[in-house]
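Undergrad: From first to last, the protein sequence lines are chains A and B.
Per the numbering used here, residue 159 is the first one in the first sequence, and the count goes up by one each step.
Per the numbering used here, residue 928 is the first one in the second sequence, and the count goes up by one each step.
Honestly, the hints are just simulated from the structure, not real lab data.
Ideal Cβ placement from N, Cα and C applies to all residues, glycine included.
Don't take every hint at face value.
[Claimed, not checked] Calculated pairs, DSS-like style, for lysine-lysine (alpha carbon to alpha carbon, straight line, at most 25 Å): (1) A:K507 with B:K1000; (2) B:K1533 with B:K1028; (3) B:K1008 with B:K1042; (4) A:K479 with B:K1206; (5) A:K180 with B:K1368; (6) B:K1206 with A:K202; (7) A:K479 with B:K1208; (8) A:K177 with B:K1368.
[Stated by the list, open to error] Computed spacing ranges between beta-carbons, pair by pair: (9) A:K299 with B:E1391: 38 to 48 Å; (10) B:G1184 with A:T444: 48 to 58 Å; (11) A:E495 with B:E1489: 37 to 47 Å; (12) B:T1439 with A:E495: 28 to 38 Å; (13) B:L1090 with A:D437: 40 to 50 Å; (14) B:N1414 with A:K381: 44 to 54 Å; (15) B:K1123 with A:T444: 38 to 48 Å; (16) B:G1184 with A:K360: 22 to 32 Å.
[As the list claims (entries may be wrong)] Residues from chain B shown here face chain A by an in silico Cβ test under 8 Å; the list is partial: (17) I965; (18) I1221; (19) P1387.
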Amino acid sequence: MEVTEIAAKELRYQKHQPKDYKSENAIRWCPGCGDYAILTSLQKAMAELNIDPHMIAVISGIGCSSRLPYYMNTYGFHSIHGRAAAIATGVKVANPELSVWVATGDGDSLAIGGNHFIHAIRRNVDINILLFNNKIYGLTKGQYSPTSDRGFVSKSSPFGTVEEPFRPAELTFGARGTFFARAIDVDIKNQTEVMSEAAKHKGTSVVEVLQNCVIFNDGIHNKTSDRNWKADNTVILRHGEKMIFGKEENRGIVLDGWNLKAVTIGEHGYTIDDVLVHDATTRDNTLHMKLALMDIADGLPVALGVIRSVKELTYEKEYEKQIEEVQMMTPKRSFTEFLLNSSNIWEVK
Amino acid sequence: MPTNPVVTDIKQVTIRFSGDSGDGMQLSGTLFSTLSAIFGNEIATFPDFPAEIRAPQGSLQGVSGFQVRIGAKDVYNSGDKTDVLVAMNPAALKVNASFLKRGSIVLFDTDSFQKRDLDKALFQTLDPFAELNLDYVQPIGVNITTLTKASLEDSGLENKEILRSKNMFALGIVCWLFNRPLEIADKLLEQKFSKKPLLVKANIKALTDGYNYGNNTDMTASTYRIEPIESTKGFYTDINGNTATAYGLIAASEKAGVDLFLGSYPITPATDILQELSKRKDFGVKALQMEDEIAGITSSIGASFAGCLAATSTSGPGLSLKSEALGLAVMTELPLVVIDVQRSGPSTGMPTKSEQSDLNQALYGRNGESPLVVMAAASPTDCFESAFEASKIALEHMTPVILLTDGYIANGSSAWRIPEMNDYPDIKPPYVQKKYKGNAKEWRPYFRDEETSVRYWGVPGTPEYMHRIGGLEKDHLTGVISSNPDNHQLMVNTRKAKIEKIADFIPEQQVTGDTDADTLIVGWGGTYGHLLEASLRLMANGKKVAYTHFRHINPLPRNTHELLKKYKKVIVAEQNDGQFAAYLNGRFQDLDNIHKYNRVEGQPFKVSTLIEEFTKIMEEK
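All chains, please: the whole structure from these sequences, using the hints.
TA: Right under this line is the structure:
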């Protein structure tokens, strides 16, 4: 065998394929469920990043989304309702070398697990949270969720809800999140891209996936996911690029006083120079918040892509650093030696 | 006042320092017990403080006490009644009046026994001793506040700080009463306030002046001399139960060669474990203060999944919140040590008071058939042994273990011989790559070791053993989600059998006392000291009594049934309404000899009451 052939073979051997992340378990989501595309995107992202499957841990809570670990040929833990972020925190702090993912939904992370969700984000522990947002409880067959819009009619709100929903981005920024991205389940390319970015980000990454529940909330994201409307109703944000969207790619986001505004380039005096350039890295999250909350109802496209990605200290690294610092100052010793050197010791001879 | 000092040699004496929450009684008590231990006495302590951080000054509910029993030997508990009470205010006298022995000394601060102080403690007259009918004690009034002020006039301290040193002046008097060498106390103060040299100096001065005051005025008829003990050779320290628990976990992690992880949330009286382990970064301990009790246990479950010796520390209300996650640990068969430092319940109950009423919760407090290991520590130093053994069982048998301690032993301290870790057994977790004989491709997560029924531990990061676990029932062979009825029955049986097999790895139950005894007294957990002393005294009085104390509650030692059957009467004594007795009755339904003694007061047992009550039960036909 030629040397180059050996090298090429090794490269093939080392380079993981999406199939390397597929487990033998039969998938049990409903036909047509948005979760299939999320799974495919995740496997593609992992292959792109070429992470060894044994170095990956996927943790989930309860709900349709939380079945995902079973379908991954990695280490996986399908836990209890709402607790995935706390379990993942334990996993990551225990072994910071692992690539740790959380598969969760709007009920799992924003209702019963809300506390763990915000505190994981606040600590900025380096985990990647995939938040499947279908605005419904699917596994319990159709009750409204904390992201359901006011007035939403469901089995547990037959006359419509009388409460405001959480907006995941707002909650993430409120908890001082360092990374927030959004994608649509059907868009595998964009999803794979934001998942890769989430994995590369050091700190808690929240990826909100607008996911369709084909059985209990079909079409809830149609205005953004339907191919007829998608181009005009969404804008994909990329750091350093202009915020341009639309079928004709002639629309842009500009600043209008304190507010954002969608304009057509070449009309009403707006030129390409007026269109904002996306900066995902500013510590101040004011503009990120405005971008993340853009709403079709206000004549603005829904922002997709990486909206915020800011470098900050991560919890597990800082914890390790503290341990190293203490150990530098203290001589290495056994537990018995430690006891013998503590205060209040006396000897009986 | 008597003038001829008599030095009395006695075996044991109980002293209680009592005052306002802010009077520094815990510090005086701790210093006195530590220096007594260093002097060579056996000690047992009982800090008894209110839940309020600062209740209204001088009020009855604000009284904070620290009781210490010292002796030449056989100090099994902190004592029923006191020989010496230090009362810094009238409220302290009133609250502790019923605990005073005949002839006991009451050292009180006359400066704080004025009309307004008496009013705050709801006295009707100006003579609190007469009002409480305390004609059988020796009151010794000293104007401690005035004398402390005079002592520290030139100390450079603010008036407020000077007043705070009253406790040291009082401690000085007590040190004189008991012939304690002041040099040890000085050293302890230097350690305690190492960053505040001015305070060290002032405290030592107040202490010394208090001592000299006692010496110069020959203020009492009796001073006590308690000789040092002849103990096993070695190095000693004094330790409380919470610290011993934390140390047991560290020792186990060192022995097993795995990192120690604690996920926790502050809760009285367990918080010290979190605080102690947070200090121990020199051993690489990862102690996380999480956002709630649930995150405390679930982060630990995550760390356990990732290969740590994982623990969580809590008290009763916290254990309630952890129930669902405990079930997850049972189902996923991950090692986990859960420490429940029990306190009075239900609900918030009496946070600073001790009880044994979480046993049912530990045994049964989960949905489904959810067996796990339950153990209980007997004394402050036994917390070390128990935490070590709990960790060993968790790691080697891949199971959650609940270790029950309680507020009494968690905060109480005794002298502890520093262990030689070579004498402790190895801890060998069943790592899949080491223990599983087949090849990696065929391995599935619920394959078990035939002898122990324990599943293998495949830790993330290990090549080739990727797998999925979770709270859903799994097929016993493939590890895939299964709701097959036969499989579920099999898994229920298997999980139960796995825990029962642990009985092969724990010692048989031992008995103290006569082989021909008619009555067996049974205890478990933190009541050990009181029950042992009561049993020994009954034996000394010629009663046919034996005593046995359980550390292992689930599974029980192999010989438990046989043992209990042998006696005419079995008296199960607990600080709950009969939970262990009911458990034994449920396990061994042929037993008809079980009697119960139960007190649920949030206070330690009293040996004298135990003796009376046990005698009554023994005399019943």
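Undergrad: Is the hinted range of 28 to 38 Å satisfied by the C-beta distance from B:T1439 to A:E495?
TA: Once the Cβ atoms are compared, 35 Å apart, the range 28 to 38 Å for A:E495 and B:T1439 holds.
Undergrad: How about B:I1221: closest beta carbon in chain A under 8 Å, or not?
TA: With a closest approach of 6 Å, the B:I1221 hint holds.
Undergrad: Is the interface hint satisfied for B:I965? The criterion is a beta-carbon contact with chain A at less than 8 Å.
TA: holds (5 Å)
Undergrad: Within a Cα-Cα threshold of 25 Å, do B:K1206 and A:K202 meet the stated pairing?
TA: Violated, because 43 Å separates the two Cα atoms, which is more than 25 Å.
Undergrad: Between B:N1414 and A:K381, does the beta-carbon spacing fit 44 to 54 Å?
TA: Because 46 Å falls inside the window, the suggested range holds.
Undergrad: Honestly, do A:E495 and B:E1489 meet the 37 to 47 Å range at C-beta?
TA: holds (44 Å)
Undergrad: Taking the beta carbons of B:L1090 and A:D437, is their distance inside 40 to 50 Å?
TA: violated (60 Å)
Undergrad: Is the gap between the beta carbons of B:G1184 and A:T444 within 48 to 58 Å?
TA: Since the Cβ atoms of B:G1184 and A:T444 sit about 50 Å apart, the hinted range of 48 to 58 Å holds.
Undergrad: Are the Cα positions of A:K177 and B:K1368 separated by 25 Å at most?
TA: holds (16 Å)
Undergrad: Between B:K1533 and B:K1028, is the straight-line Cα distance small enough, at 25 Å or below?
TA: holds (13 Å)
Undergrad: Does the nearest C-beta of chain A fall within a distance shorter than 8 Å of the C-beta of B:P1387?
TA: Where the cut-off is 8 Å and the nearest Cβ of chain A is about 4 Å from B:P1387, the hint holds.
Undergrad: Run the distance test for A:K507 versus B:K1000: straight-line Cα separation, threshold 25 Å.
TA: It holds: about 17 Å lies between the C-alpha atoms, which stays within 25 Å.
Consistency note: the structure conflicts with the earlier hints numbered 3, 6 and 13.
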